[in-house]
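In our numbering, the protein residues as written are 1052 to 1240.
Fair warning: there could be bad hints in the mix.
The calculated DSSO-like cross-link candidates involving lysine-lysine, where the alpha carbons are at most 30 Å apart (straight line), are [said to hold, decoys possible]:
1. Lys1210 with Lys1139
2. Lys1223 with Lys1053
3. Lys1161 with Lys1223
4. Lys1210 with Lys1078
5. Lys1165 with Lys1139
6. Lys1101 with Lys1078
7. Lys1161 with Lys1186
8. Lys1101 with Lys1186
9. Lys1161 with Lys1101
10. Lys1210 with Lys1165
11. Lys1101 with Lys1165
12. Lys1053 with Lys1210
13. Lys1078 with Lys1161
14. Lys1165 with Lys1053
15. Lys1139 with Lys1238
16. Lys1101 with Lys1139
17. Lys1223 with Lys1210
18. Lys1139 with Lys1078
FYI, nobody ran anything at the bench for these hints, they're computed from the structure.
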Amino acid sequence: MKISRLFVISGPSGAGKGTLVSLLRAKRPDLALSISATTRHPRSGEIDGKDYYFLTDDEFDDLIAQHGFVEWAHVHAHRYGTLQREVKRHLEGGHSLILEIDPQGAFQVKENVKDAVLIFITPPSPQILEERLRKRGTESERDIQIRLANMPGELEASKNYNVIIENDDLEKATQALLDAIASFEEKSE
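When you get a sec, could you build the whole thing from the sequences and use the hints?
Now the structure itself:
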């Protein structure tokens, strides 16, 4: 019997998490993807409840006080978090749920949802990670250097994950991710 699970997918920026999650969901459309809450204002075209749940600072503070998040963080002058009610809605509805978040958030989730499965996506090497970051052209040189400097700590943190998948070949990494999720949906730990 398949069990609904919360899967947290993390890894260094540029490891290919977003690409793998997109490929995974194309093959497993039954897997839900969590919508985060944020205190930032919507960008052009973003829709509340579809792209993010847009909250005021006071609403976010109230949810923190009520333990309404499974994880939250302060990032780039705004706060982001995963709502307890969002996780509960999917899992109680019989759907496994994917969170694509950083390791700090992953460990917060594990504290709040004991049977959450942590999956770490790693690049084949720091050099390939740097190539990917430069190729996508979305980060400044300073941001690239920060991300590269953070990689050793993130790789060290990966030792506390349930599964580590090296993304050196998209097809193989996608299959490894599919297999890992299927395996944990069969376990009744």
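Structure-based check of all given hints:
The hinted pair formed by lysine 1210 and lysine 1139 meets the criterion: a straight-line CA distance of about 27 Å does not exceed 30 Å. Straight-line distance between C-alpha atoms of lysine 1223 and lysine 1053 comes to about 23 Å, which keeps the hinted pair within the 30 Å bound. Among the hinted pairs, lysine 1161 with lysine 1223 is consistent with the structure: their alpha-carbon atoms are about 27 Å apart, no more than 30 Å. With a CA separation close to 28 Å, the supplied pair lysine 1210 and lysine 1078 stays within the 30 Å bound.
Only pairs whose Cα atoms come within 30 Å are accepted, and lysine 1165 paired with lysine 1139 is accepted, the gap being roughly 13 Å. Of the pairs offered as hints, the one joining lysine 1101 and lysine 1078 holds, with about 21 Å between alpha carbons and a cut-off of 30 Å not exceeded. For the hint pairing lysine 1161 with lysine 1186, the CA-to-CA distance comes to about 33 Å; that exceeds 30 Å, so the pair is violated. As the CA atoms of lysine 1101 and lysine 1186 are separated by approximately 29 Å, the hinted pair is consistent with the 30 Å bound.
The hinted pair formed by lysine 1161 and lysine 1101 meets the criterion: a straight-line CA distance of about 25 Å does not exceed 30 Å. Note on lysine 1210 and lysine 1165: the hinted pairing holds, with a Cα-Cα distance of about 17 Å set against a maximum of 30 Å. For the suggested pair lysine 1101 and lysine 1165, the alpha carbons sit about 27 Å apart, so the restraint of at most 30 Å is met. Restraint check for lysine 1053 and lysine 1210: satisfied, since their Cα atoms lie roughly 27 Å apart, inside the 30 Å limit.
Of the pairs offered as hints, the one joining lysine 1078 and lysine 1161 holds, with about 26 Å between alpha carbons and a cut-off of 30 Å not exceeded. The hinted pair formed by lysine 1165 and lysine 1053 meets the criterion: a straight-line CA distance of about 18 Å does not exceed 30 Å. The suggested pairing of lysine 1139 with lysine 1238 holds, with an alpha-carbon distance near 19 Å, which does not exceed 30 Å. Among the hinted pairs, lysine 1101 with lysine 1139 is consistent with the structure: their alpha-carbon atoms are about 17 Å apart, no more than 30 Å.
With a C-alpha separation of about 21 Å, the suggested pairing of lysine 1223 with lysine 1210 holds against the 30 Å cut-off. Proposed proximity of lysine 1139 and lysine 1078 is supported: the alpha carbons are some 23 Å apart, at most 30 Å.
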